[in-house]
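Put the complex together from the two separate chains, hints included.
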Amino acid sequence: MIRDFPGQENVDITARVVDVSDPEENENSIYGIRFIGLSAAVKDGIAAFVYSRRAEEVPPASAVSFQQPELGTDHSAG
Amino acid sequence: MTDIWWILALLATPLIFWALWRRSLSQKPNSVSQSHGNVGSEWRARCLELGLDSQEIHLVDRLSQHIEDRDTRRLLNSRIAFENALERSLQVEPQLFQDLSMRRALDRLRMKRGWEVSGEISQRGQLPIEEDELHVEGPGGGAMRADVIHRDDQTIALRIIDSFGHHEEAVAWKMGTDLEVNYFQPENGCLSFEARLQEIRDLGDLFLFMECPKKIRISQRRQYLRTPIKGRISYLRLPMNRDVSLEERETGVQFGGLVDVGTGGAAIGPKLHCKTAIY
Numbered sequence: 038m039i040r041d042f043p044g045q046e047n048v049d050i051t052a053r054v055v056d057v058s059d060p061e062e063n064e065n066s067i068y069g070i071r072f073i074g075l076s077a078a079v080k081d082g083i084a085a086f087v088y089s090r091r092a093e094e095v096p097p098a099s100a101v102s103f104q105q106p107e108l109g110t111d112h113s114a115g
Numbered sequence: 002m003t004d005i006w007w008i009l010a011l012l013a014t015p016l017i018f019w020a021l022w023r024r025s026l027s028q029k030p031n032s033v034s035q036s037h038g039n040v041g042s043e044w045r046a047r048c049l050e051l052g053l054d055s056q057e058i059h060l061v062d063r064l065s066q067h068i069e070d071r072d073t074r075r076l077l078n079s080r081i082a083f084e085n086a087l088e089r090s091l092q093v094e095p096q097l098f099q100d101l102s103m104r105r106a107l108d109r110l111r112m113k114r115g116w117e118v119s120g121e122i123s124q125r126g127q128l129p130i131e132e133d134e135l136h137v138e139g140p141g142g143g144a145m146r147a148d149v150i151h152r153d154d155q156t157i158a159l160r161i162i163d164s165f166g167h168h169e170e171a172v173a174w175k176m177g178t179d180l181e182v183n184y185f186q187p188e189n190g191c192l193s194f195e196a197r198l199q200e201i202r203d204l205g206d207l208f209l210f211m212e213c214p215k216k217i218r219i220s221q222r223r224q225y226l227r228t229p230i231k232g233r234i235s236y237l238r239l240p241m242n243r244d245v246s247l248e249e250r251e252t253g254v255q256f257g258g259l260v261d262v263g264t265g266g267a268a269i270g271p272k273l274h275c276k277t278a279i280y
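Protein chains in written order, with my numbering: chain A, 38 to 115; chain B, 2 to 280.
Since the hints were made in silico from the structure, they are not lab data.
Positions of the beta carbon are idealized from the N, C-alpha and C atoms, including for glycine.
What you were told as hints is all true, and nothing was included just to trick you.
Examples of chain B residues toward chain A, derived with CB under 10 Å:
id: 1; residue: Arg47
id: 2; residue: Leu51
id: 3; residue: Arg74
id: 4; residue: Arg75
id: 5; residue: Leu77
id: 6; residue: Lys113
id: 7; residue: Arg114
id: 8; residue: Thr228
id: 9; residue: Arg238
id: 10; residue: Leu239
id: 11; residue: Val254
id: 12; residue: Leu259
id: 13; residue: Gly263
id: 14; residue: Gly266
id: 15; residue: Ala267
id: 16; residue: Gly270
Reference listing, derived: stretches of chain A covered by chain B, where coverage requires no fewer than 3 residues with Cβ under 8 Å from a Cβ of chain B:
id: 17; region: 40-54
id: 18; region: 80-88
Only chain B is shown next, with the shape it has when bound in the complex (with noise of 0.2 Å):
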């Protein structure tokens, strides 16, 4: 008898090792939905209404672990506290970004924020678009500036403004010819991509095709945002330079138009004078 319960032990130990094998793995996910449960329920509301979804909010909460306050409102407005916080973390707790999800986080938060994107991007978006001028550059030093005039899935066409460099050279460009394209667009920065030429044709204009690229890389990206806005203000403007005549001078308060606003400064529209009123 005392045999059977030796082996009924025997049998039973792996199978205990077993279940707690099993019941480590399933939960090493809830370590994570913990993670964002620590999550206030007016902070995720507030990053919510910037537009950030759960994995950005996971990633701006584990960056706030890294700074002393804590000012996870801070760390989203400041750049600087935001990759100050980015670096902090790095060196505490590099794992963090070998998850690629982290990484596309980072990414995406750094758009939706306004700061630079560094790596490559595809997005339907931001190939160049009708009327946008491209800067063309080809093998042996040939540049040549363009209007986009059509675009479709295969091929963009354009028509030539100008050339400079080696402009026979430019003009020579053979079917399959290695091209780098530049241009800027006002809400994206500077954009670039390859592309290989498919035709030059000389109709009284020159007209160049090339193919539609794959990948466009962001070269450089607007670092002061600008927001359109509509509103009314009042000024005072107080000239600084004691040259200017008295005519010139405007006195007394001004209303005008806001025009756009960016996180250092703003544009402001027409004015209408009103000197009853002094700030």
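Here chain A stands alone, though its shape is the one from the complex (with noise of 0.2 Å):
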């Protein structure tokens, strides 16, 4: 049960411990955790978040040269 998680102050978070790193590799342990039972207002507000951020790093669309399909290619639906 995870409190004051960020930008989800409000509720409660369960999850499920799934990974706990080696503690020879690394002194402090640290737990791979999965959400449970998240209501779809908390999911959208996470994944918000996450996908903000990620927009972020990704370069912007003018620094990113994409291959041109050929015309009449099914490119988009893949």
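Here it is, written out as structure tokens:
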């Protein structure tokens, strides 16, 4: 049960521990957790946070050179 | 006199039709801008905050017309909702993606949201960098694992760590041999490219030189994106294994730091014990 999660301070988040780092490799244990039973609003809130951070990291569109697909190919559906 | 009026009327008729045709042409681009104008300012601000450009916003707006509640926020936060709307729009208005700019917007949008991107892209940042480990396959079943030690515009230099399969055949690769290379970058997923061998040089260790590729393929993108984050949380851990002794159980509230967070989970770091509060 997690409290004070950034952006979700008003809710208690339930999670299951799915991974624990090897204490020989890392002195301080790192727990990998998976959220359980989040409401859609909390899920959306967390997703919005994650992807807005991602958008900041991805280079602007002008800096990315996409290969132009040939006309007539169904490139978009993949 | 009447003849003159008839001649003027005959001359004017084609001019009127030409003017109407020109007017209809000039109105077509406006339909796109009007569609852009339909997007609410609050929604547009939210999209800009997420780093979307005008074409991507236009695409999301078009897709949102094919979902029942037009909840554009969910469209951007849920990959399933997005792909469902995409599938519906492809059925209803397949001409949407005949526009090259829309197809590119779709690729960029998926990339920005951390969703799978199919197809080939050419992007400087995704070329292997020093210390990337590459899996190099050649003809005849030979393969090598090698570390990148240098890269310039023409050549990637690798130090061979290990070879397997038909080792002798691998070492005997000649200049110009076609190679298939796969490697993994944590934020990009599994990438691959094809290149031609320039040279294998034995200097005690084996070194391999290959042409720098022009195209990189994304074989598999990370489905679950993790974003580094710093923050302090408090948590209560409830052991599910009844065999754990009381001494091993962490009782009371713990305090820890967040390491990273994804849409489905997170990693939490070093904990400080505090037994003064109970949830």
